[in-house]
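Participant: Sequence:
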Amino acid sequence: ETGETFHKMITWQDLRAANDVLRWNNSYTLKAMNSGAKFLHFFTRRKRHKAASVLKFMSGQVGAALKDKCANYKPKTAVDMRS
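Counting with our numbering, you get residues -3 to 79 for the letters of the sequence shown.
If you're looking for bench data, these hints aren't it; they were derived computationally from the structure.
Honestly, I wouldn't trust all of these hints.
Stated by the list, open to error - With a cut-off of at most 35 angstroms between alpha-carbon atoms, the simulated DSBU-like pairs for lysine-lysine come out as follows:
1. Lys63 - Lys27
2. Lys27 - Lys65
3. Lys27 - Lys43
4. Lys46 - Lys27
5. Lys52 - Lys63
6. Lys70 - Lys27
7. Lys70 - Lys34
Take the sequences, apply the hints, and build the full model.
Facilitator: In structure tokens form, the structure reads like this:
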């Protein structure tokens, strides 16, 4: 509710990357890729193109959560480690 992080562990309910995932799913690149895969599936009827046509990111995926962790990572300095 407050948006504060309880711990640093990435779990399946981790919503810290939700904004990035929403932005990626609404991007023109992903929409073009999905449309291209639908077009290819229409002509080739290959299952791999059908699977690519419904591709979307979810906040529970490790890649999205890891991207958020890397963006907000603050390395400790020697002064921080003494205390």
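Participant: For a quick check of understanding: which of the numbered hints are violated here, in increasing order?
Facilitator: 7
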